[in-house]
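Undergrad: Respectively, the protein sequence lines represent chains A and B. Take 1 as the starting number for the first sequence in this note's numbering and just add one per residue. Take 287 as the starting number for the second sequence in this note's numbering and just add one per residue.
Hints in this document: simulated from the structure, not taken from any laboratory. All values derive from a computational prediction rather than experimental measurement. Some clues are possibly wrong.
Unchecked claim - Keeping only pairs whose Cα atoms sit at most 27 Å apart, straight-line, the calculated BS3-like set for lysine-lysine is:
#1 B:K487 <-> B:K449
#2 A:K280 <-> B:K629
#3 A:K54 <-> B:K533
#4 B:K384 <-> B:K442
#5 B:K629 <-> A:K58
#6 B:K384 <-> B:K354
#7 B:K354 <-> B:K533
#8 B:K442 <-> A:K54
#9 B:K442 <-> B:K560
#10 B:K629 <-> B:K560
#11 A:K280 <-> B:K487
#12 B:K560 <-> B:K533
#13 B:K533 <-> B:K487
#14 B:K347 <-> A:K280
#15 B:K533 <-> B:K347
#16 A:K58 <-> B:K634
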Amino acid sequence: MSQTISPTNPTPAPPPDALSTTVIEPRVGWQPIDLREIWHYRDLLFFLAWRDIKVRYKQTSLGAAWAVLQPLMTMVVFTIVFGKFAKMNTSPVIIFCAAVPWTLFASALSNAGNSLISNQNLISKVYFPRLIIPIASILSALVDFAIAFAVLLVMMGCYRIVPGWSVVLLPVFILLVLMSAMAVGLWLSALNVEYRDIRYIIPFLTQLWVFASPVGYKSSEVPEQWRTLYGLNPMAGVIEGFRWAMLGEVAPSFAMMGVSTAMIVVLLIGGLFYFRRMEKTFADLI
Amino acid sequence: MNDTAIQVEGVSKLYHIGANKTYKTARESLMSALSAPLRLAKQLARPKSEEPDPTDLWALKDVSFEVKRGEVVGIIGRNGAGKSTLLKVLARITEPTKGRISIHGRVGSLLEVGTGFHPELSGRENVFLNGAILGMRRAEIISKFDEIVAFAEVEKFIDTPVKHYSSGMYMRLAFAVAAHLEPEILIVDEVLAVGDMEFQKKCMGKMNDVAQQGRTVLFVSHNLAAIRQLCTSGVMLQRGRAVSYDKISNAVDSYINGGTEHGNILTHVNRIDKAISVTEITVNGSSNDELPLGDVRSITVEISGTVHEQLQMEMEVRVMDMYGLPLGFFSPGHLTGIVPQHKAGDFKLTRSFQLPPMSRGYYYLNIHLTHPGLHVWMEAQQAVRMTFEGTPTATGHVFEYAKGAGWVLLGTEPQNKAAASK
């Protein structure tokens, strides 16, 4: 009989005093960001990121090769365009060293931007803090990054480049890449729920953005007086910082780095609040 | 000590259907922002009117009820009565427009079996993923893993991707995860409507266990028989308003006899594809969802509307008894394999069939437009309630419309022979 396969020792309902109380009410206006709740759901965060990684590697026949191919192709094309045609002072390793964090940014951004739409079945059926979804999708881009990073190390070995002391700042710059992706990704994902145009804007956006960032060239190609303003592109400071951490060379301008970092923080806080504000409409709109 | 598990006070939920139907494009928003000053001026110039927007729908209207700890509450009501919305609000998926709900205890909501299951992942991986989605901690899943797999009876295939599972195995595994969730309050929607008889029985058994452990359960189903068996008290929803009953049998009776509010059949359309729109559905010439038939047994369903692109569709009608259990199935597309082509433009589909002798009572028609086995264009569940005066012969006919044979009786309960031989 089927009924006999019930749990061996069902846990009885706990005493009422131990119960937490949830109040459901319409919320109006801006909401605070509940970090404690997100921490409480950390297992879900982990499983969602893990699912995205697993499915990606199961479904693509080239699997991990894609993680290397993308920045590698960027390197080849940009070496030809910026190095040979535009005759800029650049080299494959300089470009690849920027293409690796750039690919992390671009894929994390596009993952995050489409994350709510691709998880709509979850949003319309289960409650959990919605921020988990874009965060998990950003984290899942880290695996590809790790593979590409290993290739970068090999390449640096071939060029006999040994990173200087600045390499200790590398984790900071990786964190900044993730924060930039999240800063922009949160806006895009929330907007994507209401305006499906966003899905088509994302690839277009990253395509143009790569030229506005110091990937194929160094930011020293930008005229001195514009360099601080150039920092308004958050990726400008981040990529130069990453390159500096890995290859040493000359430290990027602190003004530009400062502007980029400030920009990331502003966009990120704005994005978090905007996301929280729109969150309650997701299930109805999606 | 407080023995209230859920307190719902004056909860309302408003949907703007017009705005919801299609996603806004950025262009439209831009235009409306540009024309906003103009609109603002118009609004200011016009005296404020309390006229409701025709595209607004109050899915829930001032719903209040209380659930005591350990109660098993059945929520009943026809399609569009607001059951799903109520569950979504209780499960915190969507926010109420007005009102307040306080819930004492951890809530587990089961609005669907297998939420988040990914076909590419193995059974084992999906158990962890789905468990986390339902709110279980990793350690909790690990400790219950063997139990879950045993309950689902999929031990041999636990490392196979679930896309290779039979639908039965898939459902069993999905339900097994959900069944091992141990919240103080469980919210369940229609899960029992899926799977084979054996599986449904198992689900019911599990639900019974949950109820026995003194947990609070909220259960939504069209299956009144299941509701009556499982629940202690009930809440009946009618067009967004709720009446609660201490005894489930009172709720079910009032639902069966009540149906006091009549409406248009179209209001029961609960799923429609973008490719078609339906303007009218009539049964025996009436668009009312209440249909007293006396002893008339020929049914003519007519659907008119527009198809926006060329497609193949045929009507499908199911006959359900008053408890929501299926009795019969009329689907010319299934029987003949011929599904008419419809060119873009207006259409009118008229199909007639004959019912067998019906016992006295209430029956429902589910009306669908489908390409059988491939696609559902429109679905209207419990669209019409038919009342038969009939002769009180047998209580349960089970029949099927078979090619060339008309309605075939699959079985009857042999009783009341005297009346039958009369």
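Undergrad: Taking the hints in turn, state whether each one holds.
TA: Hints, one by one, checked against the model:
With a CA separation close to 25 Å, the supplied pair K487 of chain B and K449 of chain B stays within the 27 Å bound. Between K280 of chain A and K629 of chain B the alpha-carbon distance is near 41 Å, which puts this suggested pair outside the 27 Å criterion. Between the alpha carbons of K54 of chain A and K533 of chain B the distance comes to roughly 49 Å, so the proposed pair goes past 27 Å and is violated. Taking the CA atoms of K384 of chain B and K442 of chain B, the gap is about 50 Å. The hint is violated against a cut of 27 Å.
For a cut-off of 27 Å, the pair hint linking K629 of chain B to K58 of chain A is broken: about 41 Å separates their Cα positions. Of the supplied pair hints, the one linking K384 of chain B and K354 of chain B holds, its CA atoms being roughly 23 Å apart against a limit of 27 Å. Between K354 of chain B and K533 of chain B the CA atoms are separated by roughly 13 Å; this keeps the pair inside 27 Å, and the hint holds. A distance of roughly 22 Å separates the Cα atoms of K442 of chain B and K54 of chain A; the hinted pair therefore holds under the 27 Å criterion.
For the hint linking K442 of chain B to K560 of chain B, the alpha-carbon distance of about 42 Å lies beyond 27 Å, and the restraint is violated. At roughly 15 Å between alpha-carbon atoms, K629 of chain B and K560 of chain B fall within 27 Å of each other, so this suggested pair holds. Under the criterion of a C-alpha separation no larger than 27 Å, the hint pairing K280 of chain A with K487 of chain B is inconsistent with the structure, at around 37 Å. With a C-alpha separation of about 42 Å, the suggested pairing of K560 of chain B with K533 of chain B is violated against the 27 Å cut-off.
Of the supplied pair hints, the one linking K533 of chain B and K487 of chain B holds, its CA atoms being roughly 23 Å apart against a limit of 27 Å. Straight-line distance between C-alpha atoms of K347 of chain B and K280 of chain A comes to about 19 Å, which keeps the hinted pair within the 27 Å bound. Using a Cα cut-off of 27 Å, the hinted pair K533 of chain B and K347 of chain B holds, with the two alpha carbons roughly 23 Å apart. Of the pairs offered as hints, the one joining K58 of chain A and K634 of chain B is violated, with about 47 Å between alpha carbons and a cut-off of 27 Å exceeded.
Against the hints set out earlier in the document, violations occur for numbers 2, 3, 4, 5, 9, 11, 12, 16.
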